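Number of protein chains: 2
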Amino acid sequence: MIFDRTSFDRYLSAHRERFLRELAELVAIPSVTAQKRGIQECADAVQKRLEAVDARVQQIPTPNNGSPVVFAEIGQGKRTLLIYDHYDVQPEDPVELWDSSPFEVRQENGVLYGRGIADNKGDLMSRIQALETWQQTQGDLPLKIKFVVEGEEEIGSVNLHGWVDENKHLLDADGVLWEGANYDEDGTYRVAQGCKGIAYLELRTRRGPAYDLHSSRAPMVENPAWRLVWALSTLKDTNDNITLDGYADHLYKFEDSIYNQVDHLPFEGDKKRELWGLDRWVNDMDDATARRRYFFEPTLTICGLESGYTGTGAKTIIPSHAMVKLDFRLVPHLTPELVQDLLRKHLDRRGFQDIEIINLGGENPSMLQVGDTAIKRAALEAYQQGLGLVPVVEPWMRGSGPIYALSDHINVPVICAGTLWHPNSRAHAPNENILEKDYFDNMRLVAALIAAFAANA
Amino acid sequence: MIFDRTSFDRYLSAHRERFLRELAELVAIPSVTAQKRGIQECADAVQKRLEAVDARVQQIPTPNNGSPVVFAEIGQGKRTLLIYDHYDVQPEDPVELWDSSPFEVRQENGVLYGRGIADNKGDLMSRIQALETWQQTQGDLPLKIKFVVEGEEEIGSVNLHGWVDENKHLLDADGVLWEGANYDEDGTYRVAQGCKGIAYLELRTRRGPAYDLHSSRAPMVENPAWRLVWALSTLKDTNDNITLDGYADHLYKFEDSIYNQVDHLPFEGDKKRELWGLDRWVNDMDDATARRRYFFEPTLTICGLESGYTGTGAKTIIPSHAMVKLDFRLVPHLTPELVQDLLRKHLDRRGFQDIEIINLGGENPSMLQVGDTAIKRAALEAYQQGLGLVPVVEPWMRGSGPIYALSDHINVPVICAGTLWHPNSRAHAPNENILEKDYFDNMRLVAALIAAFAANA
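Which chain is which? The protein sequence lines are A and B, in order.
Quick note on our numbering: the first sequence kicks off at 1 and runs consecutively.
Quick note on our numbering: the second sequence kicks off at 1 and runs consecutively.
Derived from the structure by calculation, the hints contain no laboratory data.
Note that the structure is a prediction, hence the values are computed from the model and not measured.
Just so you know, even glycine gets a beta-carbon here, dropped at the ideal spot from N, CA and C.
Where hints are given, some of them may not hold.
[Stated by the list, open to error] One-sided excerpt, in silico: chain A residues whose CB lies under 7 Å from chain B:
no.	residue
1	P61
2	P63
3	G66
4	R293
5	Y309
6	K315
7	G361
8	H428
[What the hints assert, rightly or not] Per the computed footprint, the stretches of chain A lying under chain B, defined by three or more beta-carbons under 8 Å from a beta-carbon of chain B, are:
no.	segment
9	152 to 159
10	244 to 256
Please take these sequences and the hints and turn them into a complete structure.
What follows is the structure, given as structure tokens:
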């Protein structure tokens, strides 16, 4: 089945301004889950937009009073496509590094700037608008579509696994369409069949003075910042190797074919480094090594560090506390629970019992379903039919998401496909952006994927 | 010479409310040098108050366009007493931990709260008011008094040494009266003849991405926060020993008599720990060891640490930069220049050439003039005559100040004497405070010291 591209495109042109306005309205809701801002308002907006394409929509609570999941069903057919997106976004700080207000979409030279516009409100809104365009130009949808739009992706989808367990009866599907696909400096599009896992942990040192103390007392008083530095320095060596006790015992060895697949993927090291302002990779490694590490290496990243006085100039204190935010990216068979357990034991063994570990979210890796599937075939056909492109197939994304819960765990194969993340999209960073052209291409891709997935049922 | 205490006290009673109001007005000026706030306004207020006691006052510029020094001369006599105070204060944050507005003096149960009220606006204002009271009740001052009131003490008196070099002709004196003396949990007053030195350095890692980057790139991209942790972990071991290369070679060995003097000083370890919310000293050392370390040990303190995302919840980034604020407390013959030089070489030797060191101020130690002097004898007599107290003589304060520049460097012996810092004064911390009673006792002490120093000329 091939959809009528001419009428589809004509509708996009006719409704271009409204579609962009609807996107700007969604971005304008500061749905920062980490700070509990704008969540219900954003869920309501998504529900309303889905109802406008005749979806049956419900907001379903998540465990622990988390953000509700917006669940929707539309259309009929032999096949069922489950679409995953999220309506929450990263915090906007550091605000001073934005060239415009983070929650007011700025349109300049074909680029659309705003917090969450790449990750992932642009994807969410363009997929819904693609359904409207299909209905208005092609008629009824040829398959059933289910949307799972969650509101806690940016804090590690802490309650999605529990939500899936409670709502498995709603989630029968033949394939999952994921968000977050990207393309490269040279225009190579990438689709993937999974992602790394993640454990996001905050560590707080508790041993120190009850309040910031004049630093003349330093010969006698334990300094929480020093304790944190000492503890952290045992977790990773200066060659960037993770030295967490017992960690190496759990590392998974893939089939050689997967290493080979990755080694043949395009990788424009120079362009990436230039874009990111780097003059070298870590350890001065070459691009081939960097590419392997990028795909296969689990990571331990300091995302944030804070203690004592951080303002201008000098303040002479012993801080009363110190904090670090750590993110572990996980590969098989590392899990968030395992990593947290290893870390607790590692710290205890070295006398850091006083360092508290706070779990801010985690996801298992989804890196073991890398075969040939109907949803993957449909996606490849959609790129070709809808955009005239042949994407590269990657085994998995290097980022993380709750794919495991909505794919491995319910036994439905997944594909990450989309057109919105370009090499300079700056997801999670100031001046996050997408290209206007890519926004409409994403609708063409969705339409073509619907056609292809329904046709080969 | 003994001053007429009865008429002096009667004047204090009569002008009590005005004196406290003048103090509150001085505290209300947020003279935070670290943030360049309120400096000129505060210097003008100090000048005006000194002129009200008939001082000849000038504001004298400091090198590098630093805060002006308020220099004043009053009275005539054989002896000249040089009084040092400072009109700048520490930043008030974390503001949320204050029980009242930092710059509005709160008076409650005989306690006066406010930023800088202990360190050191209470001392400065009470000394000026003591002169007024002397003039109104005793007549002319029996000696010459010079005030040096600087505005950069809380950023390490970065320009005072240069200012002294430029203004040596103004600074002839027979003794220096310093600020910052304190008393103990058990009411033991302490006077001191010097202080430790300090070097305050900020370190910034420069190698990392140009902007915060999605942390999925961590297998390839250097993380400035990790680099800072690794660098710091080489500077101090987990037993709290400074491991800076070459540092130990410069440590000074005092006469046994000085160690003995310190070992016999009162030291209420339990009370200090309770006050500061600690259940032990560093390394579980006993009080005797803690006391020795407190006096003799140079320190290396992390005063502040910052990198990446420090807000609520999770944000998955590789930070673009990392920063630490370090304060070294110095003993003979360590100097700020030496320490910075050792640190640069230490970092370079370990591959941390990219870590920039920013000098935020320093002072040499003043710990080698611990003998019997006229100003020390006058201070001891003043405590006895003015307050009926016998203070403990300590060789030096554990805090730092620019004593070296205004004493060792111009060859005038110093004494730190005062009544304002009680054990819970919380200098540099939220809810900084002094006791109302101590405020007026400080005036009695100054008057008695004037009498004693003039009499034994």
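Status of each hint after checking the structure:
no. : hint       : verdict
1   : P61        : 20 Å, violated
2   : P63        : 17 Å, violated
3   : G66        : 12 Å, violated
4   : R293       : 4 Å, holds
5   : Y309       : 4 Å, holds
6   : K315       : 6 Å, holds
7   : G361       : 6 Å, holds
8   : H428       : 5 Å, holds
9   : 152 to 159 : holds (count 3)
10  : 244 to 256 : violated (count 0)
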